[in-house]
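Colleague: Following the hints, put chains B, C, D, E and F in place on chain A, whose structure we already have.
So the protein lines, in turn, are chains A, B, C, D, E and F.
For what it's worth, this note's numbering labels the leading residue of the first sequence as 5, then goes sequentially.
For what it's worth, this note's numbering labels the leading residue of the second sequence as 5, then goes sequentially.
For what it's worth, this note's numbering labels the leading residue of the third sequence as 5, then goes sequentially.
For what it's worth, this note's numbering labels the leading residue of the fourth sequence as 5, then goes sequentially.
For what it's worth, this note's numbering labels the leading residue of the fifth sequence as 5, then goes sequentially.
For what it's worth, this note's numbering labels the leading residue of the sixth sequence as 5, then goes sequentially.
Just so you know, the hints here were simulated from the structure itself, not pulled from any lab data.
Any given hint could be a false lead.
From the derived model, a few chain F residues whose C-beta atoms are all more than 10 Å from chain B [said to hold, decoys possible]: (1) D30; (2) D117; (3) R150; (4) L179; (5) E181; (6) T185; (7) M245; (8) R272.
Stretches of chain A that chain B covers, calculated by requiring three or more beta carbons in the stretch to come under 8 Å of a beta carbon on chain B [to be verified]: (9) 180-194; (10) 233-242.
We put the beta carbon where it would ideally sit given N, CA and C, even for glycine.
There are 6 protein chains.
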Amino acid sequence: MHRIVTFGEIMIRLQPYDYLRFVQADSLEFTFGGAEANVAVSLANFGLDSVYVTKLPAHEIGQCAVNSLRRYGVDVSEIVRGGDRVGIYFNEKGASQRGGLCIYDRARSAIADAEPSDFDWDEILEGADWFHFTGITPALSKNAARICEEACAAARAKGIKVSFDPNYRATLWTLDEARKTLARYSGRVDLLITNADQARDIYGIEIPAAGAGGRLSDESCVEVARRLAENLGLGKVALTMREPRSASVNGLSAMLYDAKTGESAFSREYELHIVDRVGGGDSFAAGLIYSLLKGADIRTSVELAAAASALKHSIEGDFNMVSLAEVERLAAGDGSGRIQR
Amino acid sequence: MHRIVTFGEIMIRLQPYDYLRFVQADSLEFTFGGAEANVAVSLANFGLDSVYVTKLPAHEIGQCAVNSLRRYGVDVSEIVRGGDRVGIYFNEKGASQRGGLCIYDRARSAIADAEPSDFDWDEILEGADWFHFTGITPALSKNAARICEEACAAARAKGIKVSFDPNYRATLWTLDEARKTLARYSGRVDLLITNADQARDIYGIEIPAAGAGGRLSDESCVEVARRLAENLGLGKVALTMREPRSASVNGLSAMLYDAKTGESAFSREYELHIVDRVGGGDSFAAGLIYSLLKGADIRTSVELAAAASALKHSIEGDFNMVSLAEVERLAAGDGSGRIQR
Amino acid sequence: MHRIVTFGEIMIRLQPYDYLRFVQADSLEFTFGGAEANVAVSLANFGLDSVYVTKLPAHEIGQCAVNSLRRYGVDVSEIVRGGDRVGIYFNEKGASQRGGLCIYDRARSAIADAEPSDFDWDEILEGADWFHFTGITPALSKNAARICEEACAAARAKGIKVSFDPNYRATLWTLDEARKTLARYSGRVDLLITNADQARDIYGIEIPAAGAGGRLSDESCVEVARRLAENLGLGKVALTMREPRSASVNGLSAMLYDAKTGESAFSREYELHIVDRVGGGDSFAAGLIYSLLKGADIRTSVELAAAASALKHSIEGDFNMVSLAEVERLAAGDGSGRIQR
Amino acid sequence: MHRIVTFGEIMIRLQPYDYLRFVQADSLEFTFGGAEANVAVSLANFGLDSVYVTKLPAHEIGQCAVNSLRRYGVDVSEIVRGGDRVGIYFNEKGASQRGGLCIYDRARSAIADAEPSDFDWDEILEGADWFHFTGITPALSKNAARICEEACAAARAKGIKVSFDPNYRATLWTLDEARKTLARYSGRVDLLITNADQARDIYGIEIPAAGAGGRLSDESCVEVARRLAENLGLGKVALTMREPRSASVNGLSAMLYDAKTGESAFSREYELHIVDRVGGGDSFAAGLIYSLLKGADIRTSVELAAAASALKHSIEGDFNMVSLAEVERLAAGDGSGRIQR
Amino acid sequence: MHRIVTFGEIMIRLQPYDYLRFVQADSLEFTFGGAEANVAVSLANFGLDSVYVTKLPAHEIGQCAVNSLRRYGVDVSEIVRGGDRVGIYFNEKGASQRGGLCIYDRARSAIADAEPSDFDWDEILEGADWFHFTGITPALSKNAARICEEACAAARAKGIKVSFDPNYRATLWTLDEARKTLARYSGRVDLLITNADQARDIYGIEIPAAGAGGRLSDESCVEVARRLAENLGLGKVALTMREPRSASVNGLSAMLYDAKTGESAFSREYELHIVDRVGGGDSFAAGLIYSLLKGADIRTSVELAAAASALKHSIEGDFNMVSLAEVERLAAGDGSGRIQR
Amino acid sequence: MHRIVTFGEIMIRLQPYDYLRFVQADSLEFTFGGAEANVAVSLANFGLDSVYVTKLPAHEIGQCAVNSLRRYGVDVSEIVRGGDRVGIYFNEKGASQRGGLCIYDRARSAIADAEPSDFDWDEILEGADWFHFTGITPALSKNAARICEEACAAARAKGIKVSFDPNYRATLWTLDEARKTLARYSGRVDLLITNADQARDIYGIEIPAAGAGGRLSDESCVEVARRLAENLGLGKVALTMREPRSASVNGLSAMLYDAKTGESAFSREYELHIVDRVGGGDSFAAGLIYSLLKGADIRTSVELAAAASALKHSIEGDFNMVSLAEVERLAAGDGSGRIQR
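With the rest of the complex left out, here is chain A (with noise of 0.2 Å):
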C-alpha cells in the first residue's frame, strides 16, 4: 500500500448553520480542516495508508484534532502533542452574489510555534512513496517554513516524490514573502498544482489575455504550464480553473502537463451547485496524487482528480467525504446525480 506524507496545519474549522452569518449565530459547527490534512483525509478515504504530521496540543481541543483525522483512517503516530492552541478559523457560507467569509484565528497555534526539533524527517518519511505540502505552512512562522525545507531535503534525499500547491493567503502573508520563502523550495518539488493567478503573482509567468468570459485558452492553459516547469524544473504542472458565476454556482475544469513528454490533457467541465466551497483544490491534489502514484496516464489522472474536486462541492466540511468508487463513477461521466438504491 501506497504511503503519502502530509504536514501543516489542522485548525478547528467555526462555521454558523445554513447560510447564517457570524452575527446571526448562537451555535457552530465544530469540524476540523486544513489544506493538507484535507488531502490526508482524501488519501486516507482513496485507501492509502495516509500520515498526517502536525503538531497539536495535548489538551482535549489538541485530541479533538487528532480524533477528526483518526475517525476516518489517517494514520496520526507521527503527531507531536505539545504547544498552546489549535489554529482556528472561522468560516461563513457564501450564496448567491454573497461571497464566503473566512477570519484566521491561528497565529501562536502549537504548529506555528514549533521547533524544528520536534520533527525527525529522515525518520517519518521512512518507506514513504510520496510526499505533500502547500504553501499555507511556510507562511505560518519562520521554523515552519524551515521545517517544510527541511521535510523537501529529505524527502529529495530519500527519492520521495514532493507535490507542493503554493494556496497562496493574502491575510497569513504578503506575495513578496511568499515568491522569497517559496523560492527556497524550487527544485525540490516534483508536481506543482496552482492555477494561473498564482503562476502569475508567485512564480511571474505572464499569463496571456483571456478570452470571452475571462476565460484563457487552452493552449495558453499549457503554456503558462510549460513555463513554470521550466523556470522550476518539474516534473508535472496541474492547473485547475474555476469559473465562480456565484457564490452558489461555478465552473470547474482542469489540466495537467507532463513536462518529460510535453503532453497535456484537460478534464471536462463541471457545472457545480455548491454545497461547501472550501477544500476543491485539496481534493484535486488527492485525486491527482492518488491517480499518478496508481501509474495511471494523464488523462485518467486529471479526469479523476477533477471528478473528485467536483464532489467536494457537494460536502459539508473541509475533508472530502467521498469514496474511490464515486470519484471514478464520476470520472467515467456519470454526473446525473441519481440516487444509488
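Modeller: Same frame as chain A, now just chains B, C, D, E and F:
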C-alpha cells in the same frame, strides 16, 4: 367521499441533516416513508378517505409508524399489528454531481414476514373505489407477493380499479425475478404508472432510439404506452420523463395514454430545484388517481399529476405535504414561487 | 451622523427550519422582522443613527423584540412599552415551484392598538434627517393610520425628507381601503419606492403592455415613474423589477427616477439564488435612503440599493445583515461570490 | 369501548430549548397543549375512544393543532374549523429556585370567539360515557362559558358523568369572576378534581391550619373534600397535594373521597425530578376518569391517577405520552426507574 | 503497552434528544455502542492497546460503526467486513419514576450471522494480555456462542487472562438458555464481573436475605463471591451494587473478591445524578481490567473501577469518555464536581 | 440612574450541547462571557446604566462580542476596537461527580495586547458612581494590570466606589504573581468580594479550622472578613460560601461585613440544582453593587446578592438573565419554583 386502499411497507427513513453523509452524521432525521404510504398520505392530503394497509410491530417503534400516517389523516384501522421489526432505509441526499444514496435494512420486517391470513381483503376492500400498490411489495417476500395477488383478485372481483407502479429496485430482486412475479398481476391492473426504462426492462417493450439530449420523442412515448396497454390489457398508461441534469436540478414531465380512445396528453415540463428527490413518482401516482377518480380528462389529469410530482421535489421527506389547492394552482400555470401572504 | 426615523410594526417571525412545512415542524426559528424594522436594521448596519419607533408589550416577549433591534445597533429609546401582544407572522420558505407561505397573526398587537397620544412626533423627529414608513402600518388599524399621518405632518413641518413604500398586503386590507387611506399621504412623501403592479393597483397608473418574457421596457418604466411623480407630487420614484423564475431563482433590477431633472438610472440585473425571499424591498429602500442621504447621484444610488437588495436574498431572516463594504463591493461589480479570506 | 368527550382550547406551546429563557432563544419548540386536550390525549393513550371538541382556524396552523391530536389517536371529527387564530402560550421551564414562566397570548382565539351555535351538544355527546372540562374554558369568553353550560346541561340530560377541574388562572380572570361563573356549573358535576387552595379560593371552604412543612393532615384533606361534596352536591372529590421543594424537585400525592360511602383513599407520595412541570393535574384527571370508568375502587383509582401524574413530570411537553402499562407498573410500586429492555 | 482484545456486537444506538419519547421524536442521536465495544473504548481512553473484534457490513453504515471506534483510538484492524446489517438498539432515557426503554432490532446482524471461520483466534490473540467478552454475544446466535467458545479456548491455550460479564438480557434469550450456554465457559474465565441477581439467576447462588432498604450486607456479598469463585473456578469475582432510587438518582458501589487470598475490598458508595444510565457496568469492567493489568491491589482496583463506573453516569452515550486522570482523581476522593480551569 | 463602569475581557464561550464532552461534539454553543461582562449584563438587567469597557477587534467576531452586550442593554460606546483576536474559553459542563472543564485560549487577545493609552479613564469614568473589576484582568498581561491600576487611580480621584473580586485562576498566573500584582490595588478598593480560600491564598488570612462537613462557623467567617478589612483598608467585605456536593447539587450562602459598624449579615442557604455553574460569583457581585448603590442595609444587600447568585445557577450561559423582580421575589423567600402564569 372516495375510498382508496393502498398496501405496502412503511419504513423508518433515517437521514443525515442537510447534505451531510452518514460518516459525518451524529444525528438523523427520523421520519417514515415508502412508495405506497406516500401515495396514501397524498390522497389524504387531497381530502379523500385514504386507507393504508400493512403490518407493523406492536412496540413503540411500530406505533411511531402508525402515528406518522394518522397525523396526516390516513385511516390506519386496517393496519395489522405484530411481527418483530419496522423496515428501515438509510437515505443520504445528493447534491450537484453526487447522487443520493439509499441503503435498505428492511429484510425480516413485519410486512415481509406477514402471512396471507393476516389480511382479509374482502373485508378491507369493502366500499373501496380504488386499490393501489407497487412492485416493491411483491419484492419483499414470497408471502408479500402472494398477498398482493390476493388483494388484486379481491379488487377485481369487486370491480375496484387497480393501479400499479412496477418501481423496480435492483437491491431487492433481480430483473428476472421481477419479471416473473409481476407477470402474475397482468390482466388485473387498470392503470400502469411507469417510465420508458422500466417498460423495456420489466415488460420487454422495445424503446425507439432517443433524440438529442437522450430524450424520447413524443411519438415514441405514445408508442411505448400503446404497446404496454396492448400487451398487458391496460385501460390507461402513464409515463414519467425525468431529465436529471444533476442531483440539484432535474427536468420533469409526464404523459398519459388512454387505451380506449387512443388519445394521449403531455404535461408541461418543469425545471426543478430539488429539495428532496424521493417520492416524486408516488406523488405523481396520487395526483393521477385523484384526478381519474374525480372524472377529469386525461389532459387535466396528467397536468395535475405532474404538478403534484413537481411540488414534491420542494418538500422534505417522503410524504408530499401539499394541498390540493397548491397543486391545482401550479397545474394552472403559476410556477413563479411567489410568496402567498 | 445622519439620523433616520422609521415607524411600523416589528413582529415575531416563526419559521420552520430548512424547507419544512408547518405541518412537519416541531421546532421554529424565533426571529423578528417587519418592513420598517428591516429598514432600520439595514441603516444601523450602514453606520447611521437609526431610530425605530413602535409600541411593544412590557413583558419578556416584547423585550425579545426590543433586544433583536438593540443587538444590531438600532436606537430603541423611542419605543413605547405597553399593550398586550407582539404581532406574529408564520413564514414558510418556498422552493422550486412552491411559493413561500406567510400567515399573519398580528391583529390586536400593541402597535395596532396604540393610541396617537402614545407618540410625540415633534419630540421623536427632533434632529432627524429622514422619516420612512410603509403602507403596512396604516393597514393595521385606524389609529395606526392616523399615527402615520401625524408623523408625516410633523416631518413635513420640520422639513424632514419622507420616503414611503405602499407594500400592499391583500390579507390586511382591500385595494379599495388601501387606495383611500394611502391617498391621505400624497403630497407628504418625497421618495416613493414601489413596483409597476402597485403603481397600477394603488395609484391607478396605466402600465404599458409588457414585452416578451413579461418584462416592461425601460421606457415604460420611466413613463410609469414620471406619471407617479406627477400625480403624487414626488421628488423621486424608485421601481424594483423582479422576475421570479421560481421560488429558488429570481431576476432582480431597479430603476430610480428624479422628477426634478427628469433623469433616470437603471441598475444592473442580478440572477439570484434565493436563501430567504423576505425583506428584499426593505433592503432596497435602506440602500436608497443611505445613498441619497450621502448625496450620491441617481446611478450610484440605484446600484447601491439594488446591490443591497440582491445581497439580502442570500441572508437568513428579515434583517439584511450585510456591511456597507459588502454592498459597495457588489455595487462595484464583484458578484463572483469568492471567499473573502 | 368507553367514549369520553373533552372540550376546551388547544394552544400552540412555544418554548425555548433546555433551560434557555426567551431573551436568549432563537429557536422554539413548537408543540401543542391545553388542559382538556392533555386529558384527551391521555385517554387516547389509555386506549379509550377519546373525542376532543374545540374550534380551530381552517389555515395550516390550525391544521397543525388538529394533527397534533390526530397523531396520538384522538378523535378530531367534532372539531369545528373557523375563526382567525390559534391561541398561544409562551412557556419557559423553571429550574432550581427559578420558577417556570408562562405568558398567554390567547385572546381572540377561534374558540374564545366561537358561538354557542357552533356546537350541537346533543349530537356530539351521543353515545358518550363521560364529559370533562376545566375552569379555563369558561374563563376565555362569555360565549365559551355559555357553551360549557350547554354542554353540561346536555350531558346531564343524557345521564353522562361530568368531571371538572376549576384550574384557576389569575391571568385569565379574577377570583370573583371565577366564583360567579363556576357557580353556574354546581349541581351539574359528578367528580371535582382540585386542591386545597382552590377549594378555599373558589368554593370558600375553610382550610384547617397546616402542620409542619406546610402540609395538611390527612384528616383535614378528607374534611375539605367532604365539605366540597356537601356544598356542591358532588359524587366524588379528588385532591392533589403538591410540595414544591424547588422547580427541580417536587413531592406529589393525592386523595380521593367518595361522598356516597364517605370513604377516602390516599395515594403513595412521589419524589419527582421534574422534566416538565405542565400537565401534571390533567394527567391525574385522565387517570382518575379511566379508573372510574373501568369500575376500579377508590384506592386503585387514586393510585393509578397519582402514578399517571407522577410519570407526566418525566415527559416533555403538555401531553402525557405514557402507556397504561407504564402507569400500572408504577401504581403497583415500581418507581426504581430501571431500564426496560 | 498492554494489549486487550474484546469481542462482541457494536450496534447503532438511536435515541431521541433530551427526555423525548420515540412517539414524540423526529430526530435521533446516531451513536454506537454495545457492552464489549464500550469496554474497548474505555481501555483505549486509558491508554492501552485496545483491539475490538466483530463483523460489520462493508457498506457505509458499517463504516460508521468502524469509525466510531477508530475515532477514539480502538484498533479496528481485526474487524471482519461482511454481512448485511448493523444491529440497532432504540434507546429512550428514563427520568424520575419512568425507567429507560430499550428496544432491540439486532436479529440477523453481521455478527449474529457470522461464521466461526470468520475469526482466526490464534492470530487475533497473538501478543494479547487479556480477553474480555460478555453474555450478550453468545445470546446472539448459535454461531456467536461457538465463536466465543473458540476465543476462550484460544485464550486459555495462550495463557491469556479472560474476564466475563454474564450481562443477562431477557429479550435475547431465556434464563434457561443462558444457563446452559454460559455453563460452557466455566473453567475458562479468570475474572467474573456480575451482581447478586445474576449470581442467583444464572449461577444458582443462594442470596442471603437483604437488610433494610433491600441492601445486602457486606458479609453476604463476600459470601456470594466466594461461592461463585468456588463453583466456577474463578480467580477473582467482582460484584456491583446498584440502588436505584429513581431513574434520575442511583446509589452505586462495588466489591472485589480475590479467591486466592480470600480477601475482599469494597469501594466507596456514590450518589449519582444520572445523565446516561447505559454502560455503567462496562465502564466498571474496563476500570477493573486496567487496574489488574497494571498490578494494582484489590482495594485500589475496586476503587478505580467504581470511580470509572460512577463517571460514566455523567457521560452521554454508551462510551465512557473520561480520561485515566479523571478516574484517578475521583477514586482518590474528589467528587465535588468543581470546575477544572 | 446610577452609572456603573466595569472593565475586563469578554470572551467567546464555546460549549458542547447538553452534557457532551468536546471529544463527542460536532456543534458548539457560541455565546460570550467573562467575569466583568457578566457583572455588566446583570446590572443592565437590573435597570442601571451599565458601561462595559474593553478592547475588541474590528472584525465580525469582535462585532459579535459587542452585539452580545448591546443586545442586553449594556452601553458599549466605550469599547475600543482594534487588535487581532477575541479571547476564547472552551467550557464543558460537569455533572454528578464529574467536574466542569474550562480550557482557556485567551493569550494575545485584543485586551491582553491593549495599551494603557487605549483608555482615557478620566473621560470614561465621568459621571460614574461605581467601578468594578476582578483579578482576572491584571492576570492577562502587564499592560492589562497597568490599565487596571490607572482605572483604580482615576476612580479614587473622582471619589467613585471601587469593588474588586480577586477571582484567582491558576491557569493564568501563579499565586505568587497574583499576590504581588493584586497588592498594588490595596487601598484603592472599597468592597472586596471573595471567599475564605482566596482570603488565605491571596491575602494571607489565616482560616480557622472548619467544623463538621468542612464548613466554617459564622464567627470564623466574620473574623476572616474583619481581618481582610483591616489589612486592606476596606469598607465592606463579602464572602461567598459554596458547598459542592457534586457538580449537580451545591449549597450556597453568603456573608456581608461592614467594617465601619463591625456588623455582619448572613444570607439564607440555597440548595442548588445546577443548570450552569459559571457566573455565580459575578451575579453575586452585581446583586451586591446594585443593593449598595440603592442604599440597602447589609442584610437586605446580602440576601439580594445571594438570591441573584442562586438564580444564576438555573440560567444557561455566563450572563444572569433574570429580572430584578425575580431576584427580589427569591430574596423575599419564594424558592418554590412555582410556574409564574
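Colleague: Does each hint hold? Answer for all of them.
Modeller: These are the hints, each one checked on the structure:
| no. | hint | result |
| --- | --- | --- |
| 1 | D30 | violated (6 Å) |
| 2 | D117 | holds (37 Å) |
| 3 | R150 | holds (47 Å) |
| 4 | L179 | holds (41 Å) |
| 5 | E181 | holds (42 Å) |
| 6 | T185 | holds (44 Å) |
| 7 | M245 | holds (41 Å) |
| 8 | R272 | holds (43 Å) |
| 9 | 180-194 | violated (count 0) |
| 10 | 233-242 | violated (count 0) |
Hints 1, 9 and 10 from the earlier list are contradicted by this structure; the remaining hints agree with it.
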